[in-house]
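Asks: Here's the letter readout for the chains.
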Amino acid sequence: MKTMKNIDSYGHVRGESLFVDDVIVRQDTLYGLVFDAPKAHGKIISVDYSEAEKVEGVVKIFTYKDIKGENQIGGILPDEPLWAEDEIHFWGQPIAFIVATSEAIAKKARLLIKIEIDELPVITTAKEAKEKGSFINAPRSFNLGNTTASFEECDYVFEGETFSNGQEHLYLETQGCYAIPQENGNIKLISSTQGPTSVQQITARVLGVPMHKIEIDVTRLGGGFGGKEDQATPWAVMAAVAVQHLKKPVKHILNRHDDLRMTGKRHPYESTFKIGLNKDFKIMAFEAEFLQNSGAAADLSPAIAERTLFHATNSYFVPNVKTKVFSCKTNLPPNTAFRGFGGPQGMFVIESAIAQAADKIGVEKRLIQEANLLSENDEFSYGQIATQVEAKNSWIAAKSKFELEKLEQEVHGFNRENNQFKKGISVMPICFGISFTNTSMNHARALIHIYQDGSVGVSTGAVEMGQSVNTKMLQVAAETLGIHPSKVKLETTNTTRVANTSPSAASSTADLNGKAVLMACNSLIGRLKKVVSKMLSVDISFVSFQNDTVFVENKKSNLLWEDVVAQAMLKRVALSENAHYATPIIHFDKTKEKGHPFAYHVYGTAISTVTVDCLRGTYEIDAVKIVHDFGNSMNIGIDIGQVEGALAQGIGWMTLEEIAYSEDGRLLSNALSTYKVPDVFSGPNTIDVIPLETEGHELAIQKSKAVGEPPLMYGIGTYFAIQNAVKAFNKSYIPKFNSPFTPEKVLMALYQK
Amino acid sequence: MIQFILNNEVVKTSAHVGMTLLDFIRENKQLKGTKIGCREGDCGACTVLVGNLKDAKISYQSITSCISPLGNANGKHIVTVEGINLPEKLNTVQKSMADNYATQCGFCTPGFVVSMTGYAINSVEENSSKSNCTDAISGNICRCTGYKSIEKAATSVTEKLEENNANNKMEWLINEGFVPDYFKTIPEKLKHLVIARREEQMTWQSHSRESKIVANGTDLYVHNADKLSEENVNLIAGDDSLKGISFTDTICTLGANTTVTEMFEHKKLNTIFPKLKAFLKLVSSEQIRNMGTLGGNFVNASPIGDMSIFFLALNSSLSIMDSNGSVRKFPFSDFHQGYKKYDLKNDEVVHSISFLIPDSTTFFNFEKVSKRTHLDIASVNSAMKISISNDIISKIHISLGGVAPIPKYLKKTTQFLVGKSLSVKTIIEAESILQSEISPISDVRGASDYKRLLARQLFFAHFVELFPSNVSFQNLITS
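Chains as they are written, first to last, in the working numbering: chain W, 1 to 753; chain G, 1 to 479.
Calculated from the structure, these hints are not laboratory results.
A virtual CB, placed ideally from N, CA and C, is assigned to each residue, including glycine.
Possibly wrong hints are sitting among the right ones.
[Said to hold, decoys possible] Think about it this way: if two alpha-carbon atoms lie no more than 25 Å apart in a straight line, the pair counts; the simulated DSS-like pairs of lysine-lysine are:
| no. | chain 1 | residue 1 | chain 2 | residue 2 |
| --- | --- | --- | --- | --- |
| 1 | W | Lys60 | G | Lys227 |
| 2 | W | Lys555 | W | Lys2 |
| 3 | G | Lys152 | W | Lys5 |
| 4 | G | Lys29 | W | Lys248 |
| 5 | W | Lys489 | G | Lys89 |
[To be verified] Chain G side only, calculated, beta carbon under 8 Å to chain W, not exhaustive:
| no. | residue |
| --- | --- |
| 6 | Ser469 |
| 7 | Asn470 |
| 8 | Phe473 |
[To be verified] Stretch by stretch, here's where chain G covers chain W in the computed footprint (C-beta under 8 Å, at least three residues):
| no. | stretch |
| --- | --- |
| 9 | 36–47 |
| 10 | 606–618 |
| 11 | 681–688 |
Please construct the entire structure, taking both the sequences and the accompanying hints into account.
Replies: Structure follows, in structure tokens:
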């Protein structure tokens, strides 16, 4: 079962898997399109819909005035309207919703809407927001030891600044929802969301109806990456408002340009750091101030800011730490979750600090990294004591298995012999905490039906978005029940079957939902064992299920799974089970900023090598070689796919994906022709992934550790590998920490005087 | 009314010929395997195959259906992912994808499967010049996998294809489970359709002057698909009078409807330009190269149009034809007059472009740097043709894109270089003249400072590439 392929593969490769836009619609379906703000900040003087309303086929144009409940979609903070009322705060902010008999008609109508705006000053950078005191909430700060005193005693102290740009999710499937009226004013929403419950909750709030009137159904997502955790919601809510009024189905699929313009992205961060080291390269003190560009509303920014602090020291032990993050309110679309959730931004800063220290001291960066890796029982700045630490193990394994020193010599040798091409190498360790840092979100449920013919249906709160969580759920169910995988079907994620779910996020979906599946299956098996015990008159402790058959004292009996289920049915034994799992141990006290927020950490080390063409400023990534802590992987093929995919996104974020806004807040990288994500040629020529041999963790499902987000941060290594190649060419280059390292920045750095 | 074969079904439709093929497939035919990713030809999720009958055989090419007008399907075999599905099992490409964990969310997957199946058909049928299966997916974006698993699938497909030594290639593909068996019936079916189509074939002149002229739509449909779905369009891609690559002893002429792929695969052009394939792989993706025409690239008039830059440096002549069929011919460097302004009247089309075939003392190089090496628009691109005798530059033509409102022909720089000896000193001096001729602006493709530096670098690159023994990188950079 550990080699099972993604259970959706068959449908995927045949084009038979259904996404929201593929659902065959009712004949009377209407189509929705958002009219959004054409400026980044201002007061709305007037909006004239009269010409648009005259277009034949336009059914109704909805505005905030049509909302029967609250015009409020904010999750963490109530600071974001569904449709703007009298002010707009970002370019692309929804103002109205055109519903027409076709999308083409709605598009024509949109061009006829006239809006007058009294423009207000626009803030696009976090620094400017901080200067003007424009924040989402109060800053947060983590402290360990005493940095001020420690800096006094350090042999080296360096200060510097960094910038990491945002990142567009570019899920291949854009945001969308199909809303269908049911009887009695109930509404069913087929939504492409990572957070079905949040869509349900916000829809109910905006419509002014109880949550039970709204059903959310999710088959699968064509990619999410965090972009559909919170920001799948508004599009579904808009369609639901229209259904509430019109009593007709409304389909609302964003076209790519609207999606790029209106949705938030990974947060850009402007940060400053101060790092203090001893002669033996021990980092004694580290301070960082992070300015998060949150955009125009809170969205998930406060939680993302928090995770930046959690990962500000990456996989290093630093005895004195002082970190502070400001969520800065600007006039960009509200930035949101993106794989890593603020962690990568935090790690980029300490890696930059170490790179700067290394450059100034004149040593290899990796010597400083190596001298500071976490050990067992070290304390994180948030009070958690590190246990089952794999930082050194993964580092040592990478160093020996990939022959790091030989690789370094090869790079130096190459650079001595070549002028036009220079190579660079870097090592990137990672340490990423697993759990929602908001402790109360760490729970999940599973509902399992054994049908009377022995087939099984599994419902969980997990949303399938390519991470193959459904495959893992199926593995847990089939293994625990001792039946063939073909007997198990994964149902859609539906709020009427599994309620009050946390979003599929934080790399925790398989752990949380998998544990619930395990519990439900164990309960069912317990009942079925009782049935067998009576049927065969054997002690219940001797009974087990394997390969669709009953085993007694580990010997195969003649009793099949189906026989037991049929007997259970006759004996009126419950064949359905609902289980609830909540992660034990974890807690966090925000008033003290201390606790034990993570179930466990994931570790690993990557070695990246690149070749820079110093004539053209272009580069190739030769190889990324990784030792990764999978725990005891339950499906190594799928997990390696997660590592490779996350790495590609991390590399994209660090190299070629460049978000650009004009000074007046308009997105310039507003199409796939101007925003480039990695293609088949731009990734590393070689990716090696070796699993670190570890036992895994009890709180991970089947001891198979969470794998969604952590490997993204291996991509940070690419930045420093390119930087090292540039240094090899241009001795007067002063390292800058300004990602992504595009060919433009590379060429300018190569020839910087 | 147009007629074509969609998978295994003959389609006769009076749907608007300007609507996108993608919308016809998904909406009119409710085939949902072809996905909508970007509607600008930049992601490949909507990839389909177009089969063209040539003699008794069909050659298949991948295209992005989101920017392809429905009317261009007339007389063709259009294959979507549904059309390559076998009844009860996965086809060879699909199986390779599934076995190698090469599908995660599944949204881009049908596009990859179609591109790779197209490659399989081509490589077997025509001993195709395409180097490998990975090139066939140059226009397919996946955001989940990081591509390694897909590359593995591509490798296993390639290995399987190498086993082929059968005479009847299509039969082999069918037997090996690459495509369903209805494929062998298509040539015969298509023959009838094509004959019917020839009878109603019109040239571009027979349309109303008000109609928007569209070749394969790779640029126009990116911005204007909605409008073109409703307005009158004059689809010229099927007009044979604008097609073809021909040669005299000294002159090569390419019809305006020549696609980049037709250049890429042309044997003689590859002899004339030994590095042609490497150059053209920098131009967009395979899907787009299969569609994009030279004429389209010229009238798109982008200051960084790759083919404009290519032909400018060849000192080409452009032929323009009016609705009466009369042709005027003038230097291509005079065509572009200002930003998106060019010398073409309402009743004219670009007919062809021709250039003097380089002799043995003449060398050509093309350079392009963009944020992403493939399927991206250049920050700066450049081409150079140079003739050398006794280390003296006898003739030289250089073009530079992304540094002016038009694709720039470097008149002063080349004038300076003629008659000079080929040396580092000469090149350095010429570079300062080059800088005086250009006026790059800062935009999303780079700041003006960067473009100036890059212009210098690419200018140097021509010499480093063509004359490594005379001009070394080190000497150029340190001088």
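Asks: Look at each hint and say if it fits the structure.
Replies: Outcome of the hint check:
Distance check on the hinted pair: Lys60(W) and Lys227(G) sit about 23 Å apart at the alpha-carbon level, within 25 Å; holds. With a CA separation close to 24 Å, the supplied pair Lys555(W) and Lys2(W) stays within the 25 Å bound. Using a Cα cut-off of 25 Å, the hinted pair Lys152(G) and Lys5(W) holds, with the two alpha carbons roughly 15 Å apart. At roughly 24 Å between alpha-carbon atoms, Lys29(G) and Lys248(W) fall within 25 Å of each other, so this suggested pair holds.
Under the criterion of a C-alpha separation no larger than 25 Å, the hint pairing Lys489(W) with Lys89(G) is consistent with the structure, at around 20 Å. For Ser469(G), the shortest C-beta to C-beta distance to chain W is roughly 15 Å, which exceeds 8 Å, and the interface hint is violated. About 16 Å separates the beta-carbon of Asn470(G) from the nearest beta-carbon of chain W, more than 8 Å, and the hint is not met. Residue-level restraint check for Phe473(G) holds (minimum Cβ-Cβ distance to chain W is 4 Å; threshold 8 Å).
Only residues whose beta carbon comes within less than 8 Å of a beta carbon in chain G count, and the stretch 36–47 of chain W has 0; fewer than three means the coverage is violated. Given a C-beta distance limit of less than 8 Å, the hint that chain G covers the stretch 606–618 of chain W holds, as 5 residues qualify and 3 suffice. Look at the stretch 681–688 of chain W against chain G: 4 of its residues bring a Cβ nearer than 8 Å to a Cβ of that chain, three or more, so the hint holds.
Hints 6, 7, 9 from the list above are not met by this structure, while the remaining hints are.
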